[in-house]
Amino acid sequence: NAGVTQTPKFRILKIGQSMTLQCTQDMNHNYMYWYRQDPGMGLKLIYYSVGAGITDKGEVPNGYNVSRSTTEDFPLRLELAAPSQTSVYFCASIRQAGQGLGANVLTFGAGSRLTVL
Amino acid sequence: KQEVTQIPAALSVPEGENLVLNCSFTDSAIYNLQWFRQDPGKGLTSLLLIQSSQREQTSGRLNASLDKSSGRSTLYIAASQPGDSATYLCAVPGGQKLVFGTGTRLLVSP
Chain A
1 NAGVTQTPKF
11 RILKIGQSMT
21 LQCTQDMNHN
31 YMYWYRQDPG
41 MGLKLIYYSV
51 GAGITDKGEV
61 PNGYNVSRST
71 TEDFPLRLEL
81 AAPSQTSVYF
91 CASIRQAGQG
101 LGANVLTFGA
111 GSRLTVL
Chain B
118 KQEVTQIPAA
128 LSVPEGENLV
138 LNCSFTDSAI
148 YNLQWFRQDP
158 GKGLTSLLLI
168 QSSQREQTSG
178 RLNASLDKSS
188 GRSTLYIAAS
198 QPGDSATYLC
208 AVPGGQKLVF
218 GTGTRLLVSP
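Protein chains in written order, with the working numbering: chain A, 1 to 117; chain B, 118 to 227.
Source of the hints: derived by calculation from the structure; they are not laboratory data.
Take these hints with a grain of salt, some might be off.
[To be verified] So the derived list for chain A, only partly shown, Cβ under 8 angstroms to chain B, looks like this: (1) P8; (2) F10; (3) Y31; (4) L43; (5) L45; (6) V50; (7) A52; (8) Y64; (9) N65; (10) L106; (11) F108; (12) G111; (13) L114.
[Unchecked claim] No more than 25 angstroms apart at the CA atoms, straight line, and that leaves these computed lysine-lysine pairs for DSS-like: (14) B:K214 x A:K57; (15) A:K57 x A:K44; (16) A:K57 x B:K118; (17) B:K159 x A:K9; (18) A:K57 x B:K185; (19) B:K159 x B:K185; (20) B:K118 x B:K214; (21) A:K14 x A:K44; (22) A:K44 x B:K118; (23) B:K159 x A:K44; (24) A:K57 x A:K9; (25) A:K44 x A:K9.
C-beta: ideal position from N, C-alpha, C; glycine also.
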């Protein structure tokens, strides 16, 4: 199984440009998340989704948009990129975040390193 | 609101030492707790998942314990090796999300 796949791995953007970070999981997980991690800092939740067609804001949603048209895909869109969005972005998925059945292990993608100049 | 704290923030030890990393959470009504490892420039890898009904979970030289009543979990690493150098994070469910601690950065010197 591929797990959680993120593309691109690296990207440099100019201020004001837009782009989409792709995230795909093949584990039939219901819950998907986008985090950002600034250098030396912890993870901050941007957006999350509990199933296809359902998305919700996390701690730091401003400047980002998401969609969840399928169970597998959860793209993150950056509109009008700003230097403050320079970060490493991680996508993650889990079958169910709460009690659920079995072992609910959160699986992360390898990350997308974004630089905005 | 669930808050997760990890102590210490950083730890440097010589190879071979046994060590303990601590994780505290404010809301004890959790279903499980996970420990993750993050290598520099890499993503997070799940190490151990402890269900609320369990008190311990072991994987190789790693042993994680969970005390819900006191809001604490510990990750014990036996006979540390330079390859254990990484940042270790714990996370607990907070509603439909996982709440992460800020991590403990571990450096094991040869």
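Output the numbers, in ascending order, of every earlier hint that fails for this structure. Hints 1, 2, 7, 8, 9, 13, 18 and 19 not satisfied by this model.
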